[in-house]
Amino acid sequence: MASGSKKVIYAALIGNGLISITKFIAAVITGSSAMMSEGIHSVVDTGNQVLLLMGLKKAEKPADADFPFGHGKEVYFWSFVVAIMIFAVGSGISIYEGIHSLSDPHEITNPMVNYIVLGLAMIFEAFAWYFAWKEFNKTKGDRSYYEAVRKEKDPTTFVVLFEDSAAMLGLMVAFVGVFLSQVTGILIFDGIASIVIGVILGGTAIWLAHETKGLLIGESADREIIESIQKMGNAMDSIHMVKEVLTLHMGPQYILVTINADFVSELNSDQVEWGTAELSAEIKKMYPRVKRVFIEAEGDSK
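-15 is the number of the first residue of the sequence shown in my numbering; add one for each residue after it.
Think of the hints as simulated: they come from the structure by calculation, not from any bench. All of these numbers come straight from a predicted model, not from anything done at the bench. For each residue, glycine too, the CB sits at the ideal point set by N, CA and C. Treat the hints loosely; a few may be bogus.
Said to hold, decoys possible - With beta-carbon atoms standing in for the labels, derived distance ranges:
1) A49 - L104: 48 to 54 Å
2) K227 - K118: 40 to 46 Å
3) E44 - F278: 20 to 26 Å
4) I201 - K269: 42 to 48 Å
5) K(-10) - I100: 30 to 36 Å
6) K(-10) - E262: 53 to 59 Å
7) G187 - V12: 24 to 30 Å
8) F278 - L153: 44 to 50 Å
9) V160 - G76: 21 to 27 Å
10) K118 - M156: 57 to 63 Å
To be verified - In silico PhoX-like pairs for lysine-lysine, Cα to Cα no more than 25 Å straight-line:
11) K269 - K118
12) K124 - K275
13) K137 - K(-9)
14) K215 - K275
15) K197 - K227
16) K(-10) - K124
17) K122 - K215
18) K118 - K268
Input sequences plus hints: build the corresponding full structure.
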């Protein structure tokens, strides 16, 4: 999954980098506020891909004395930073640019340049979006798209997918804004389009921040995994009852499990130790993402 995430991010990085350059050139030539907002949007997206790649790189660092469970949550932190960047920089500047254009509207010159750039940008962005969507579908399985986003523990893929979706929508808005300004002669349509683009980015950022917040704070594994671990413990002859199973995602591919179990009181310490080792090995075999298992053993209350 990490390899797939990197491919999606690299595709978006290259596409957004090239698109941002062409958008700024078009904005300078035509004086379009909406095109300037789109250029800013693409620059922010390009920077975001760099941040996500940095997060994936930092997450690969091995555990040490200061971080005994590794650095897997770097991915969550930098995904959250991306959401903040989209909101503060992308949305904020786009709305500001739109308000500035409304207060002092300028005629768009050479609108055909805008149309050509927007058309090319839509093609490039569509390829990047399809790549992200295809990769996200691999992890989605039988779940709905909404459920897959809510339960996905590797945020990098759906962050890029959301960014690309917002970019496609923003391009359409920019196209409509430039077109209406040219056809009607009402120059404020260009500024309105810039504000709408800012609102789209703001909404995307809020949604991404909401989805990554839980992972950053400390989200449990899927309910199915927790219930399965509990059944595995209760099925063991040495365990009278599993009282509690607590899980925590330390990274997309790292689950920490703690279990509170009542062991059969007739067992000696060696048998309890053997039982805990057997349960731990069985859990890790069933769920490779479980890296550490801590079992608190108690005698049953019978």
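So, going through the hints one by one against the coordinates:
{"no.": "1", "hint": "A49 - L104: 48 to 54 Å", "in the structure": "51 Å, holds"}
{"no.": "2", "hint": "K227 - K118: 40 to 46 Å", "in the structure": "43 Å, holds"}
{"no.": "3", "hint": "E44 - F278: 20 to 26 Å", "in the structure": "24 Å, holds"}
{"no.": "4", "hint": "I201 - K269: 42 to 48 Å", "in the structure": "29 Å, violated"}
{"no.": "5", "hint": "K(-10) - I100: 30 to 36 Å", "in the structure": "32 Å, holds"}
{"no.": "6", "hint": "K(-10) - E262: 53 to 59 Å", "in the structure": "37 Å, violated"}
{"no.": "7", "hint": "G187 - V12: 24 to 30 Å", "in the structure": "28 Å, holds"}
{"no.": "8", "hint": "F278 - L153: 44 to 50 Å", "in the structure": "46 Å, holds"}
{"no.": "9", "hint": "V160 - G76: 21 to 27 Å", "in the structure": "22 Å, holds"}
{"no.": "10", "hint": "K118 - M156: 57 to 63 Å", "in the structure": "22 Å, violated"}
{"no.": "11", "hint": "K269 - K118", "in the structure": "29 Å, violated"}
{"no.": "12", "hint": "K124 - K275", "in the structure": "23 Å, holds"}
{"no.": "13", "hint": "K137 - K(-9)", "in the structure": "18 Å, holds"}
{"no.": "14", "hint": "K215 - K275", "in the structure": "19 Å, holds"}
{"no.": "15", "hint": "K197 - K227", "in the structure": "29 Å, violated"}
{"no.": "16", "hint": "K(-10) - K124", "in the structure": "18 Å, holds"}
{"no.": "17", "hint": "K122 - K215", "in the structure": "28 Å, violated"}
{"no.": "18", "hint": "K118 - K268", "in the structure": "29 Å, violated"}
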